[in-house]
Amino acid sequence: MKTIPPPCPEPETTKYFRSIESLENSPEARAWVDREFPAGASENEGDFNRRDFMKLMSASMALAGAGILGSGCRKPEQHIYPFAKLPDDYVHGVSKFYATAFPTRNGAIPLLVKSHEGRPTKVEGNPEHPDSNGGTDVFAQASILSLYDPDRAQFNGPREAALTKLGDIATKFSANQGAGLAFLLERGTSPSRNRLQLAIQQKFSAAKFYAYEPVDFDIHRQAATTAVGRSVTPYFKYDQAKAILSLDCDFLGGDGESHLNMRDFSKSRRASKDAMNRLYVAEALMSQTGMSADHRLRVPSSQVIAIAAAIAAKLVAGFDASKIPLPAGVDAKWVEECANDLKAGGATSLVVAGYRQPLAVHLLAHAINGALGALGKTVEFRETPDLKEQGIAALAESLNKGEVDTLVILGGNPVYNAPADLNWAVTQRKAKTVVRLGYYEDETSAVADLNLPAAHYLESWGDVKTADGTTVIVQPLIQPLFGGLTELEVLARIGGLAEMDAYKITRETSGLGEEAWKKALHDGFVANTASKPVAVTFNPAVLAPALASVTVSAPSKENLEVIFARDYSVDDGRWANNGWLVEVPDPVTKMTWDNAVLVSRKTAEELGVKNTQFVELALAGKTVRAPVWVVPGMANHTLGLPLGFGRAKGGRIANFNGKQVGFDFYPLRNAANQGFAIGAKISPVAEQYSFACTQDHWSLEGRPIIREIIPKQVGDPKAVEAMDFPPPPGGNQSLYPNPFDAIKAKGLHQWGMAIDLNTCVGCNACVIACQSENNVPVVGKDQVRRGREMLWLRIDRYFTGTPAAEKIRSEKNEVLQPDWDQYKQTWIDDPQVVTQPMMCQHCEAAPCESVCPVNATVHDEEGLNLMVYNRCVGTRYCSNNCPWKVRRFNYFDYTKRPITNLYKPTLTFKPTKPEDEFELLKLARNPDVTVRMRGVMEKCTFCVQRIEGAKIAQKVKAGQSADVIVRDGTIKTACQQACPAESITFGDINDPKSAVSLAKADSRNYTTLEFLYTKPRLTYLARVRNQNEKMPDYHPMPFTSQVYSDHSGGHESGGGHGGGTNGAPKKEGAPH
Amino acid sequence: MSDVFPKWTNTLPLKVALGVALTGALVTAGAWYYLTPKYSRVGYQPTQPVHFSHAIHAGQLGMDCRYCHSTVDKSWYANVPAANVCMNCHNTVLKDDPRLALIRDSAATGKPVPWVQIHRTPDYAYFNHAVHVTRGVSCVECHGRIDQMEEVAQVKPLHMAFCLDCHRNPAMAIRPADKVTDLAFKWDNDPEQAALKQKLFGEKAVHDWKIQSQENCSACHR
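Chains as they are written, first to last, in our numbering: chain P, 9 to 1080; chain U, 101 to 322.
Among the hints, erroneous ones may be present.
To be verified - As a list, the in silico DSSO-like pairs of lysine-lysine whose alpha-carbon atoms are at most 30 Å apart:
#1 Lys565(P) / Lys598(P)
#2 Lys275(P) / Lys598(P)
#3 Lys195(U) / Lys93(P)
#4 Lys211(U) / Lys930(P)
#5 Lys754(P) / Lys174(U)
#6 Lys980(P) / Lys174(U)
#7 Lys93(P) / Lys211(U)
#8 Lys1008(P) / Lys310(U)
#9 Lys256(U) / Lys965(P)
#10 Lys980(P) / Lys310(U)
#11 Lys965(P) / Lys286(U)
#12 Lys820(P) / Lys598(P)
#13 Lys174(U) / Lys526(P)
#14 Lys754(P) / Lys304(U)
#15 Lys752(P) / Lys310(U)
#16 Lys93(P) / Lys174(U)
Simulated from the structure, these hints should not be mistaken for laboratory data. Since we're looking at a predicted model, the values are computed, not measured.
Kindly produce the complete structure, drawing on both the sequences and the hints.
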């Protein structure tokens, strides 16, 4: 209660006053008191006084407030800009496919490229092509990103001025028949380029053409030509071969047209008891082909000739191998039994030699094939034009003599990758004028006078011949983004030829009429242009001269052999600025963003080198400083040097953060020994390097995640099913009913996938295809080191030692040693390797779905595990709960933020990629897939955009009918489409006749981690090892099965809980 | 000891809590009402660069929606027509009318007319027009009586709940294919009869055409 003070009494006696004036009570005083405010403080006499000001301001504020609440805070206006004149067949939102081809060194991959709104967004293979199943390789898939590379070369100055200069060259050399004009080309099979070359040679008879590829497959053509006496290229038919011997030939990994090799090899690999092929590999490095081998012999590259000779001695009548004895350390029985198996195969056997091997080895291979009767059966020969270009060594000689006035370099990067003893940077400068057509501003363009930006093949008109001789017209999907030029245009202009337009040149070469031309463009190939194989016989007289100069060396600790290998990610360095390729894990080492000196365990031990330790590698007077990486299964005293890294000037990925990415081994490579060389010395340096490797643990530890069987077990479902961790006590049951079972009935289709491990070689084409289709970002080496690589699909690769070695491993308890000491363990010397593509398994009882607090990951009625990006708050509980760890989290805004500086705060640092990069990369994105921001989980969706697209297309077609089931084969997920070996099958498991249902019905079908009872929709088909019982390295069970068997005490499930128990089966429920 | 706190602080926490709760409720209610699509999008009627009247063209003249929005049954995107479609008639009709100046300029120079987009859904929601239009969902279900609008306004909120209302009960929105662009179509003048006829036809269509209006997330979220 408030207390009220008593009223103050009025003083009666004293009168208080404030001033004299107030006491006086004069009129002025009264006036003063009456006025509330002194003069001047009240209203202005003028127009706009304070009151008006207040009125106005408050009214405006009120209106603004009202405006904000009302119409002022509406969404900003977005505009629609239609065409002014709609192009004839343009339907916005529906993508189109155009047929073209990805040119390779000695062939091409026929493609159908998906175009969205006038720009290409995804590369796919063209199954209509007579020699293609629609598969592509990893480079073709990644090439789309290179189209939108912000580091692409552009014209420095007006385009017309540069073209005029080319015309001037033509004029200049018209006077003297082209004396002093030299061309340095890359290998290619373009009929138009060949025609222009011949035309120029006719016009400028003194002009010279040279060809150079640091990784050159032309040896196959040269060897075949020498062997049979006419200009032919071999076409290996791995699908016809039952026994294959690879002499250091990585045909599945990158020697020649590996996408065709994978396709053919997998055809006869698809298991059936009798018809499976058998692969013998003799190699030094662990290669992709070695990973698929049934029998593998580790031998230095320089000793492969001895093996070839030993086999030839057994199979080729009259061949004497006494001058090339088998070196000590090479198992003679291995060679003998291999020869016996080849002999037994007869015309179904095949011997191939790798591109790094000298001519003699190739000739021996052809001799053996000839003796077996395989020529024309497992290897065909097709006539090839021989344009008689000389090599780069001859060009260097010519330059040094001062004979070259104008050197025109089309493509390539000789300053970076020319043989070191040619000292190319200086030598190239000896030409008076250097004209360079290049894709980037790189090492070579720094030593050139006129730099012309090259057009990407997706921007070019041209033609190529695929390996079977079929002509494919290369048509552009977009105008050259930076005004680039094609080789044809440059050649035509320098030659001063009449026709300078690439389209017209190509049209002219084809000789096709209007209808035939349109059909060729539509189909993606020119009908009936495949070359016919020619009948050949091997000419034995070529062997003696080739073998005369052969020496078999014995590399040792002081005299190491170095092998210059084509890198699986960046090739010879041309893809060093492609973020996808640089970040995709190497199939063998699982290394990203780097290369290393690859070495075997024993050799590293002998040299006193630790894994990731730096060494100084000296060869032929040059030294390179690089770190070492121990690779299981490498031959001793050999060093693998993957080429293509350590670029001095390649762009923002090749020189990430201004620093060198990887190590440059080209300085060690001389012209005489471009494949491998002897005589290297290593001295360790006391410094370690930090690699970003995505798979650190090498062993499967006997877990039946990847299952292998032998041919006689094919057809027996128990063989594969039995290999599993035992189910929980009581068997596999659910406590609660699965909510999915209730909605399953509503689904018109039920999606499932099967991956055949028998045909997968681990080439990474599917990984890049997925990245391309689903807008998966590149994160940079630092983030990969933290395990934050964003690839939705990963290929797990495991090594398993021989049973004897694995026994030692368990006795020594090596599994308890940390991963960084794995390289010291002896079991890695002679391993078998398995690979497994791993992505979201789309479990029917998904552990990730039940733990999402915001229901961002749910299951649809057709069996897909869905990811709703806008609902995800980034708890990451789903990834935590996933047993396969296939979910990827966006820790940063990889799309918008520059990946060189992810940790800088937004306020003080410009948070976006440079504008040119961001705007260009936008074009590479697939508009059908959401681009994810920071804080959101993502994972394989089984290409839900393709599934829904197909369902919608079917419904639109059905209209008011019930024909809404999508036909089998309509939907191909990106990974399935890209795989040249057709390992991945996807489709409707509701349909018993669909390809995927048949695959899942196969006896080899199994589920990984089946004991968890999550019921994945993705299952695998077990790998089959087809070993020869007579071989010395024969073992009755594949190594992984043997280790599994040893760990689990037998094949029967229930025979022990988990791994690590040996001995008798335990009773269920018994403690262990 | 004298009171450390004045008496009025006794009820202060209660008053603060009530105040906060009340403010929270008001803010929530305000946001719920004013900031959700039903209020913020419905009625959006921006001024277009060219005063095109659907009431005249689609209503009075009876032009079919698909004459201009030609890809609505082929693609996810219902296109705004190119200027040459307008010029099909307007190169003779109202040939020099100043209101059509922008259209004529566009057709002549190739510069697109900057129409203001009215119906927008977020980028992560992938809506496909073709499958709806070809399967019997009329334009009027989502766009309202466009044929009576002088200036197009958004009449439906197009938020996910709106889509789900129909996806959960497609029978209420399916009509015969030839009536999809007939915005004035009514089964019957009597609303009860109309609802009954719609239900009968809709349910039959859903059954016969195997209409599977998906309620799972993959329908729109890719």
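A quick look at each hint next to the structure:
Taking the CA atoms of Lys565(P) and Lys598(P), the gap is about 27 Å. The hint holds against a cut of 30 Å. Proximity of Lys275(P) to Lys598(P) is assessed by CA-CA distance (about 27 Å); at most 30 Å being required, the pair is judged to hold. A C-alpha spacing of about 18 Å is found between Lys195(U) and Lys93(P), which places the hinted pair at or below 30 Å, so the restraint holds. Our distance criterion of 30 Å between C-alpha atoms is met by Lys211(U) and Lys930(P), whose separation comes to about 23 Å.
Pair hint Lys754(P) plus Lys174(U) holds up; C-alpha atoms about 26 Å apart against a cutoff of 30 Å. This hinted pair checks out: Lys980(P) and Lys174(U) have alpha carbons roughly 21 Å apart, not beyond 30 Å. Under the criterion of a C-alpha separation no larger than 30 Å, the hint pairing Lys93(P) with Lys211(U) is consistent with the structure, at around 10 Å. For the hint pairing Lys1008(P) with Lys310(U), the CA-to-CA distance comes to about 28 Å; that is within 30 Å, so the pair holds.
For the hint pairing Lys256(U) with Lys965(P), the CA-to-CA distance comes to about 28 Å; that is within 30 Å, so the pair holds. Taking the CA atoms of Lys980(P) and Lys310(U), the gap is near 24 Å; set against the 30 Å cutoff, the hint holds. This hinted pair checks out: Lys965(P) and Lys286(U) have alpha carbons roughly 27 Å apart, not beyond 30 Å. Using a Cα cut-off of 30 Å, the hinted pair Lys820(P) and Lys598(P) holds, with the two alpha carbons roughly 26 Å apart.
With a CA separation close to 25 Å, the supplied pair Lys174(U) and Lys526(P) stays within the 30 Å bound. The suggested pairing of Lys754(P) with Lys304(U) holds, with an alpha-carbon distance near 17 Å, which does not exceed 30 Å. Proposed proximity of Lys752(P) and Lys310(U) is supported: the alpha carbons are some 16 Å apart, at most 30 Å. Of the supplied pair hints, the one linking Lys93(P) and Lys174(U) holds, its CA atoms being roughly 19 Å apart against a limit of 30 Å.
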